[in-house]
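*Asks:* Chain by chain, the residues run as shown.
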Amino acid sequence: MRLFKNTNIPFVGMRKITYTISIILILASLVGLVVRGLNWSIDFSSGVAAKVDLKAVDSAVEPVSIDELRNVLKVNGYPEAEIQHVGDVSAGTFMIKIKSRATEDAISNHTRIQIMQIISENFPQHVAGRDINRDVIEEIYEVGPKVGGELRTNSLLAVGIALVLMIIYIWFRFELIFGVMAIVALAHDVLIIIGVFALTGKEITIQIIAALLTIVGYSINDTIVIFDRVREDLKIRRKEPLEQVMNFSLNETLSRTVVTSGTTFITTLSLYLFGGQVLNDFAMAMCLGVIIGTYSSVFIASNLVVDVTKATHKEKQTAQHLNKRR
Amino acid sequence: MKKFSWRGLSIIIFICVTAFYLAPLAIPNLPEWWAKNKLKLGLDLKGGMQILLEVDTSALSTADARGAVDQNIKIIRERIDQFGVAEPSIQKLGENRIMVQLPGVSDFEAAENLIKQTAMLEFKVVAQPDEAKRVLDQIDSNITANLENFPALAELDKQDKEIMADSDSLGLDETQSGVFSSLVRPGEMDYEVQYDSVRLMQELLADSLFHQMVPAGWQISLEKADATNIRADRILHVLSSAVELSGADLARAKMEYGSSTSTDPRTANKPYVSIEMKREGARKFERVTADNIGKRLAIVLDNVVYSAPNIQERIAGGRAQITGRFTSSEANELAIVLNTGNLIAPITPASTSIIGATLGSDSIKSGSMAGIIGLAVVMLFMLVYYKVGGLLTDFALVFNVGFILAMLTAFGGTLTLPGIAGMILTIGMAVDANVLVFERIREELDTGKTARSAVDAGYNRAAVTVWDANITTLIAAAVLYQFGSGPIRGFAITLAIGIIGSMFCALVFVRSLFDTFVLTGTKKTLSI
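Those protein sequence lines, which keep their order, are chains A and B.
Residue 1 is where the first sequence starts when you use our numbering, and the numbers rise one by one after that.
Residue 1 is where the second sequence starts when you use our numbering, and the numbers rise one by one after that.
Just so you know, these hints were derived from the structure itself, not from any lab.
One thing to keep in mind: the hints can contain errors.
[Claimed, not checked] Straight-line alpha carbon distances no greater than 30 Å define the calculated DSSO-like cross-link-like pairs of lysine-lysine that follow:
(1) K146/A - K116/B
(2) K254/B - K295/B
(3) K97/A - K74/A
(4) K365/B - K74/B
(5) K133/B - K116/B
(6) K97/A - K365/B
(7) K387/B - K5/A
(8) K365/B - K36/B
(9) K133/B - K224/B
(10) K99/A - K270/B
(11) K278/B - K116/B
(12) K270/B - K295/B
(13) K116/B - K99/A
(14) K5/A - K38/B
(15) K235/A - K16/A
(16) K74/B - K40/B
(17) K116/B - K97/A
(18) K133/B - K74/B
(19) K146/A - K92/B
(20) K202/A - K5/A
(21) K202/A - K365/B
(22) K161/B - K133/B
(23) K55/A - K97/A
(24) K365/B - K55/A
(25) K99/A - K146/A
(26) K449/B - K239/A
(27) K235/A - K449/B
(28) K92/B - K133/B
(29) K74/A - K36/B
(30) K224/B - K284/B
(31) K146/A - K158/B
(32) K224/B - K254/B
(33) K239/A - K74/A
Just so it is clear, the structure is predicted and the values come from calculations on it, not from any experiment.
Could you put the whole structure together from the sequences, leaning on the hints where they help?
*Replies:* Okay, here's the thing in structure tokens:
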């Protein structure tokens, strides 16, 4: 079975359109980032996040409403608490987030213990019959400002260093221009996904950072497979203009691109559909990332190489120029 | 096998190693040395508690500081072992941080207190009622004179004056006593602080400026809160600041339970801690009790009074009991902390996370469900799309998942939720190397090559691409491992293992299967 055989889709010819699409997406992301900003999770800022299951064992007990919970916390000194339903409303599970008010580096378990006390005192019927530590609390995170800030710096540093080293490797194996454009395409992918998170107001958690890193790895993988083919074809088709060679390579690798993206997408989709609550945002970021990463490898990275090479070198020399190393 | 081949050998090693590390997951009753190499589940899957502690070594010299962190780790490990947690993990992170992971723990507060408790045990003589009154009056007038140093008290004082100003009767516009004594009221034997004022009092006691207000030779301390009634008033003691006996004089401590028939109301049917002093400590104790008959001796732990029994007679032998409003777990913790000694340098928790067991098991269920469904669909697709090649890839995929789990076990890693997600992704990406090769073989077949030479050419050409693509990802994984922390690190390990495994599977494993089972004889066609 074959999906694509001897295709000749004008990928390079379509670049004006795809550049426009990308620019619109990036602008939208930037607007989102500037206007709404990123919603960093407690991991990266500081404070307490608690997930509590208040579904009563006794089904006759009225379920807790979100306003009721908010009110109870407000009365007891936490008016700034953010409360959300987790999953279905009938699940009776809530996420309570309190951004830290403390300025010192260390956390005190004071806030956490108080919240647990407030809940067990105000919702006795809902807690009844269950161990508060084991069954009512699903998870609690408490992060001091120092650790949160450090985590953010370290994660950004790690991503930055990874990108630079990848440019160097690609430079060593190909040509600098390929490396730089591969990274431009990566930045494009990451920016758009972060933009989606900014616009939807979804939280940036450690898991989302992990997803972004995977997308980086996946997208660079995709781009390099295409570049590898371009490198090979440039040797065989020395006489042809760069655009034509590039387009030929893109068509040659199309089948592989679609199959690999397809299988990766299937797994991320299954993660999104069946992976449960906790992995939901992670899987969403991954699904988006696979689509955008594939798109940028085919339409952005390679086309940018064509355009930048054309702008910096005379047409005739282009193929040889990119070929000089091997 | 016809002749020795490195490829064959590497495959055998690969399968053996994978089987060795996966066996404990599948087979119960393995011998101990084998079964202990079992894949550990991360806290997010198992439930439990994780605390990141920061060790404050600023007061120590550089050489001492290095030792202090290790010493602290040792003490914390001892405490946790005595507390009875299965498979705790206590690691040093960076220069002065300690990561403590306690899987399966559900009494979070107790565990946290146990770890960070400093347990500075001191025995101090309680002031006589007239002495105590004098000390408190002195503090009161000192504070009234320096009210500007205590903004919280100044605020209270202002409110008091406003209330008094409303009064019609003459002479009441000046309050009788200072604002400090309004927080304290005389109780049966000692003083009491109302629940609403406890926090303010605790802040004062932690304030070094306040300590200057207390007359020399004396100190004031709160009594331990009643665990069963958090809103209860707290007793305030005035103590002589001389340390009569300290934790260093202790030989051992043990949690005990008073018998219900005991005549002593402090221990009857209640948990308490019995302590036994060293020889020298016993002598000191004897002297203190002899000198202070009729007075009370306070047992002070971390500046909190646990109990202040009357000294009725001279006590020799160096045995004593710490009673107080203990729950049995509190008494147990105290005994552990007294036994393991003090932390060398103070620690403060910098972050904690607690994951309920229910969430963890739900995550495993849905995570593996997603993995199995994803794997099944991808395998089916590969089979339909590449036929024989797909079948071989499917074998390789299953081995690859096994290999990742085996290597995680071998390196002592833990399987976390991001790790499961990483593995599911690896399933998607692991087929990539095979796809590259198969697409290349198809192209070569299109040019009219025989099956064998098409496979050879396909592998040789695609191998370059596979290496280039995977090395870049491997670079990313290495950097993440080096600079990332905690969960990011775990993810990087899974990613790196996945990349290496999938490359091996594609370039060696599947290739061998091709050579051995598909390319037999001089067949011209290849179903791919």
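*Asks:* So which of the earlier hints does this model not fit?
*Replies:* 4, 5, 10, 14, 18, 20, 28, 29, 31 and 33
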